[in-house]
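Undergrad: If you read the sequences in order, they're chains A and B.
Using the numbering used here, the final residue of the first sequence is 562, and nothing's skipped along the way.
Using the numbering used here, the final residue of the second sequence is 840, and nothing's skipped along the way.
Keep in mind the hints are simulated off the structure, nothing from the lab.
Think of the CB as a built atom: it goes at the ideal place given N, C-alpha and C, for glycine as much as any other residue.
Heads up, a few of these hints could be off.
Claimed, not checked - On the chain A side, residues computed to face chain B include the following (Cβ under 7 angstroms): (1) Phe-113; (2) Arg-250; (3) His-310; (4) Phe-313; (5) Gln-382; (6) Asn-393; (7) Leu-410; (8) Gly-411; (9) Leu-412; (10) Ser-416.
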Amino acid sequence: MTDSAAYEANPIAGDGAVLKVTDLRVRFPAPGRGSSPVTAVSNLSLSVDEGQVLSLIGESGSGKSATLLAIAALLPAGTALEGDMRLSGRDGNLLVPGSRRRGIAGRHISMVFQNPGASLNPVLSVGSQIDEVAAAHRGLVPAEARGITEELLDRVGLPHSGPQAKNWARAYPHQLSGGQKQRIAIAAALAGNPRVLLADEPTTALDATVQAQILDLLLELVDERSIAMIFVTHDLALAASIGDRIAVMRTGRLIEVGSAGEIARRPQKTYTGELMRTALSFTRSASAPPAVQKPGRETTKEGLLLRSIHRSFPARGGGRVQALSGVTLKIGSGEIVGLIGESGSGKTTLGRITVGLEKAESGEVILDGSPFDPRGQRATVQMVFQDPLASFNPRRAIKEALVHPLRRHLGLTGRSARARIEELLDEVGLDPALGSRQPNQLSGGQLQRAAIARALAARPRFVVCDEAVASLDVSVRAQILELLERLRADEGLGILMISHDLGVVKSIADRTVVLFNGREVESGPTGQVLKSPREGYTRKLIAAVPSGLVPWRERLQDEAVG
Amino acid sequence: MTLDLQGSVPRVSTGSAVGATLLSAVILAAIFASWLAPGDPLDMVARPLLTPLQDARFPLGTDQLGRDVLAGLLHGARVSMAVGAAAAAAAIGVGILVGTLAGFLGRFTDDFLMRITEAFQTVPTFLLALALVSVLGASAANVVIAIGISSWPATARLVRAEVLRLKRAEFVDAARLAGRVPLAIAFYEVLPGALQPVVALIGITVGEAILVESALAFLGLSDPNLNSWGGMIANGRALLRNAPYLVAIPGIAIATAVLAVTLVGDGLASRFGLINRR
């Protein structure tokens, strides 16, 4: 790794930079007649050095994707690009289309995308897809490139020989896990021996432990091949951990650039500070969750109890997959229980069984000491879904979604229902006038507030939040969590908070349950589970989360030593 | 993170503009037939076998019984459009009902309804319509019923597929938690979203209905009291050598009407973003 002192002094100059972008401006053609072109990025300058990682962060719509696509020359024709982009050792401005630019994108500048499933062709074996890239860059025919492909696969941790050998090259994308597919995508990106690697949220779709492995791999490659990497992410803790430097974007402009440690600890701009404060809540143990639980509650019958729940699903190609095997969980009134686990751990199934959308094969759901009847007592347990946009009918106004629970569960109609809808929207901090809008006219945060209002409309005593803040930007996420906490305090709502994000659970849950492969691994007060976990799996899960304050590379070295 | 790069307003293509013009001409002819050509088009009004442009009062000539071909053409438009639209509406209505129930209720209902759909699909549309009209008797209502019964499976399968996709959406779960009953969810929440692709089928279904009606009339199985284009072709067939215009004129009319509805259907489909054509 090169000494980054020069950058501290003048973060943009970067004279030894591999890639240098000056005054980039990206404008998309006007979306319709009579409207003006949309400026996605303006006056953006950045540079990356050999063996360095630049984290590019910002909330959705900040222009970070447009910036990355402009560098990769992947923006659609008709997009206006202005500014200057230089690759060291190459002449000329690479933003200008033409012969100079040819052969650069994909080879010297290559890219890893967010969704590895979508960036691979499902009908070709992964090997042949890498062959094609490798052959194109070396002037071979694809059949001659298999050797190179196998080397690359070996490098990204899918070895052809050795103890874990498998003929990975002949596998098809659907036979691989998300992490394996991302490794394939990385191998393909390496095939041209790139000097710049653009990574667009490459780990967002992956589980925490898999994310950790992919981050390890990317950093190893950056170090060993002196690649300059631009890592785009909305996750600040991740950005601060993996980046040598961070560039913060907002509404198409770069508002702050600096060394990662500096920005994580002492951000100059209020906006960055705000982002950091919410994003690093997991690391900074400032806010211990308030213990509202009254003594003696554990012994009473009050609450929602799931007792030894079993559930399996038919597996692809016959047989059954055990999604849940004997999970027991209790949510008291006014209690927030965090449920964490990676995908496939059964946490979503457990949530659906809790609200009665799914049936348990054995085991029971008990409400205040007697069996929960999903038909008769549906109003008691409600749910807030992961994707706020998908959880509203795209063809109906928001308030229509609130009409039905009021009518079916409380018998409210006409004027009293309308009044109650306004009350509910007001309660979740949404302007009641927005109730007449269509779902696609609201932002994600506004929709999730409306979804909470809908869940509350039935006057439930318990609410299951299935990844309810996962799709929201950090600042909005904090507001929604505050809202949930207030509802718990004011109305004694019991909440089951399902999340893969330890930060969310840590900031809000009184107790936390860790699920792995359909079994409860560990449970207890949140502070205890996350601070001093008893089980190895929990420890692994926690170690996989980037803290934001400790560089990821140090973690690599620690592992090598320990 | 996604980048929305679409959003340009689709322009009306030449094809759908031509289709819309032709279709409005046919519809106007159907609406104003009694005004443009008063009286019964089946009446004898002039000397038989006047060739087109021979007599200014009968610009398209007369047939072997002295009936005005233009009057027949205009009134035939009424029959084709009415029967075509009614039969397509029946077919699409049945298809939507069956598709929604099969897709949403699943399990036994789905199996049962889909086996019936397949049974109908294995018999060619025209043969089934032919058999039904022979049994039910040749009347306009029976022709509509016969065509409706024989052409609903395509809609049913399409709607079922859409419903199957949509019923896994989170808003369906949300409606369930709101206490709504399954049928209300199926028809109120899910169905409206499943209807868009059906738009693409409207043109095809109406066009097919017009063709089947014409073919039935050609075989003499449509309502004998209605003047249909297919019937006109059947009448002119015997004189194909001496008076080819008696077959050609209604033939062109059928082709035009079917082309028009198909083009308009296509236009609607691309308008809703169902098919992409650049």
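Undergrad: In ascending order, which of the hints set out earlier in this document are inconsistent with the structure?
TA: 1, 2, 3, 4, 7, 8, 9, 10
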